[in-house]
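**Student:** Read off the chains here:
There are 2 protein chains.
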Amino acid sequence: MANSPSQNRSRSKGRVTLSDVASMAGVSSMTVSRALNDPERVSEQVRDRVREAVEALGYIPNRAARSLAGQRSYSIAVVIPSVSNAVFSNVIKGIYDVCSARGYEMLMGNTYYSVQQESSLIAKFLTHHPDGIIVTGLNMADSARTLLQGAGIPVVQLMEVGESEPIDLNVGISHRDAGAAMARYMLDKGYRHIGVLGAQMDHRAQRRIQGFIDVLAAAGRYDERRIVATPEPSTVRLGGLLLGDLLAAAPDTDAVFCINDDLAYGVIYECQRRHIRIPQQLAVAGFNDLEASSCINPSLTSVSTPLYEMGKTAADMLMRRLNGEHIEQPVVDLGFKLQARDSA
Amino acid sequence: MANSPSQNRSRSKGRVTLSDVASMAGVSSMTVSRALNDPERVSEQVRDRVREAVEALGYIPNRAARSLAGQRSYSIAVVIPSVSNAVFSNVIKGIYDVCSARGYEMLMGNTYYSVQQESSLIAKFLTHHPDGIIVTGLNMADSARTLLQGAGIPVVQLMEVGESEPIDLNVGISHRDAGAAMARYMLDKGYRHIGVLGAQMDHRAQRRIQGFIDVLAAAGRYDERRIVATPEPSTVRLGGLLLGDLLAAAPDTDAVFCINDDLAYGVIYECQRRHIRIPQQLAVAGFNDLEASSCINPSLTSVSTPLYEMGKTAADMLMRRLNGEHIEQPVVDLGFKLQARDSA
Numbered sequence: 091m092a093n094s095p096s097q098n099r100s101r102s103k104g105r106v107t108l109s110d111v112a113s114m115a116g117v118s119s120m121t122v123s124r125a126l127n128d129p130e131r132v133s134e135q136v137r138d139r140v141r142e143a144v145e146a147l148g149y150i151p152n153r154a155a156r157s158l159a160g161q162r163s164y165s166i167a168v169v170i171p172s173v174s175n176a177v178f179s180n181v182i183k184g185i186y187d188v189c190s191a192r193g194y195e196m197l198m199g200n201t202y203y204s205v206q207q208e209s210s211l212i213a214k215f216l217t218h219h220p221d222g223i224i225v226t227g228l229n230m231a232d233s234a235r236t237l238l239q240g241a242g243i244p245v246v247q248l249m250e251v252g253e254s255e256p257i258d259l260n261v262g263i264s265h266r267d268a269g270a271a272m273a274r275y276m277l278d279k280g281y282r283h284i285g286v287l288g289a290q291m292d293h294r295a296q297r298r299i300q301g302f303i304d305v306l307a308a309a310g311r312y313d314e315r316r317i318v319a320t321p322e323p324s325t326v327r328l329g330g331l332l333l334g335d336l337l338a339a340a341p342d343t344d345a346v347f348c349i350n351d352d353l354a355y356g357v358i359y360e361c362q363r364r365h366i367r368i369p370q371q372l373a374v375a376g377f378n379d380l381e382a383s384s385c386i387n388p389s390l391t392s393v394s395t396p397l398y399e400m401g402k403t404a405a406d407m408l409m410r411r412l413n414g415e416h417i418e419q420p421v422v423d424l425g426f427k428l429q430a431r432d433s434a
Numbered sequence: 091m092a093n094s095p096s097q098n099r100s101r102s103k104g105r106v107t108l109s110d111v112a113s114m115a116g117v118s119s120m121t122v123s124r125a126l127n128d129p130e131r132v133s134e135q136v137r138d139r140v141r142e143a144v145e146a147l148g149y150i151p152n153r154a155a156r157s158l159a160g161q162r163s164y165s166i167a168v169v170i171p172s173v174s175n176a177v178f179s180n181v182i183k184g185i186y187d188v189c190s191a192r193g194y195e196m197l198m199g200n201t202y203y204s205v206q207q208e209s210s211l212i213a214k215f216l217t218h219h220p221d222g223i224i225v226t227g228l229n230m231a232d233s234a235r236t237l238l239q240g241a242g243i244p245v246v247q248l249m250e251v252g253e254s255e256p257i258d259l260n261v262g263i264s265h266r267d268a269g270a271a272m273a274r275y276m277l278d279k280g281y282r283h284i285g286v287l288g289a290q291m292d293h294r295a296q297r298r299i300q301g302f303i304d305v306l307a308a309a310g311r312y313d314e315r316r317i318v319a320t321p322e323p324s325t326v327r328l329g330g331l332l333l334g335d336l337l338a339a340a341p342d343t344d345a346v347f348c349i350n351d352d353l354a355y356g357v358i359y360e361c362q363r364r365h366i367r368i369p370q371q372l373a374v375a376g377f378n379d380l381e382a383s384s385c386i387n388p389s390l391t392s393v394s395t396p397l398y399e400m401g402k403t404a405a406d407m408l409m410r411r412l413n414g415e416h417i418e419q420p421v422v423d424l425g426f427k428l429q430a431r432d433s434a
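Which chain is which? The protein sequence lines are A and B, in order. Under our numbering, the residues of the first sequence are numbered 91 to 434, in order. Under our numbering, the residues of the second sequence are numbered 91 to 434, in order.
Chain A with its partners taken away, still in its complex shape (with noise of 0.2 Å):
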């Protein structure tokens, strides 16, 4: 190491040992480990001035050697899309609270949307033996399910069910549901002339989409003009230009579903400078109801989905599996709520 000594205040101590913990309890180095492994076996005393000394100087159990020791690593890994996602913020935290409660550490990876590498995360968070994992979905590569499979720790496949078989254990909603579900909403509400914006276009976006397509279709509503899709990831500002896109192929357009909410709150923004008043000349909907989706005006219409329920639930699984116990219903799907409000 190339580093000054003034840079390298916490290297130049040196990591604490166990027998700096010793001499300064005064105890040997057994009794300090049966203190700190087993405290039943040594007095109060004991106890007391090995805690003493632990803190004082900082002392780091070693977690790598029990690990070894075949007992838990106490982490668990989570695989998702996006970890700057609001809609993933609230599904970690799910996980993060339970997780965390009962003293287990959170491996954090971001796939950005690849299948590839979500393959290669997961093939790397499995070199640290965590003792369970949590992914994203059902739609995953092959090599990525051999793994899983191999790995012999509880897997949670979370955020969507209903697709396809789980690899072992599934918490999440049906999207094609919610899609068709909003679909049903619009043509009950009169509207005739329907758009949907998408993007990143993921797995759960193509599902909803597509649910939302088939009711349209079976109502003799589904016009290609009007389905305004693109992989860019989504952003507030995406979701104003998308509506001008959709606006120029199909100008007597009279509602519109956005696949999440910020792009719809973006063709809030954008109807509110072009003046085109909401419901009234455009309906608009949403997908996950945020936290903003009830107070932006007009307050909007939206899918609300579970995503911190489901977080919870995956890790709450998890748990539950790492402490023996049987699941008996290995697919859980939480539902959704379509939230009807003053946009359509």
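No wet-lab data here; the hints were simulated from the structure. Keep in mind that a hint or two might mislead.
Claimed, not checked - Some but not every residue of chain A turned toward chain B, in silico, with C-beta under 7 Å:
1) Val106
2) Ser179
3) Met198
From the three backbone atoms N, C-alpha and C, an ideal C-beta is built for every residue, glycine too.
Chain A is fixed; fit chain B onto it per the hints.
**Tutor:** Here is chain B on its own, set in the frame of chain A:
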């Protein structure tokens, strides 16, 4: 384990071992180990056979064993206040992009804005022997500081600079200076009855408000009735509620600085509902310049903070240290930019 056989598809096969790979490849376990850890020492033909067997079986090399043998753990611990806040999502993405490109995993911890929680998280993380740790801010408990000083790994303190001496490496901005810059901007624009809305009131929010108030006071414009702050978590809805409180206490307020953009969005929506014209009747400014701030109506004046860049720089500094590089500048102030738009 009490699970039924059908639930245990992934467990029933057991963990794939080195000797499974060896027998499939038709070589000794020693040769497999060599092919994986020291590939130059075996023939290309053997490497290919081992690689095929590894892929077919989904074999996972034992990272815990390597970690104990004194090699790196290839993990970085990241301790942040909130995993679901958009501000930290962007920071995390910056850290993640650097770490994952270098083959490092990220252990994520959430302090829920509590210094006690932060200390215990740091202690827990260090038992995993990450190669480096990134923590949030300069304000931490003495016990956490002691642990980090004794950990023998690089430590980056992220988000703020200039408030106190860092433990090791440090990257961020001066929140006090940023608050002061916004106050000067509003005074220069001619606003005279300026309010402040704050939520969460963590260390950095307090610094922003302090910098803002100091400038108001120096200009003879400080009025404590106009400072409305709550320890509640920040949401868009809360922005509207706090605006109601402010206008009830001080109806002649002509401008309001919100300590983050979420609160400012809520203020804009509430002004729309109350038919308060922005900026003619009330100027509104935010902080962080999130993606939607340039799209909302009116577009939001905010302080642009280099969130992604902070995360990226923190991870870069750690990686350079781990490569044995000397870091000339252990404290990096990335600065901020006042982004003037229509709202103020």
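**Student:** Look at each hint and say if it fits the structure.
**Tutor:** We went through each hint and held it up to the structure:
1. A least Cβ separation of about 5 Å between Val106 of chain A and chain B falls short of the 7 Å threshold, and the interface hint therefore holds.
2. Interface hint at Ser179 of chain A: satisfied, since its Cβ lies 4 Å from the closest Cβ of chain B, which is below the 7 Å cut-off.
3. The interface hint given for Met198 of chain A holds, since its Cβ lies 5 Å from the closest Cβ of chain B, which is under the 7 Å cut-off.
Hint compliance for this structure: every hint is met.
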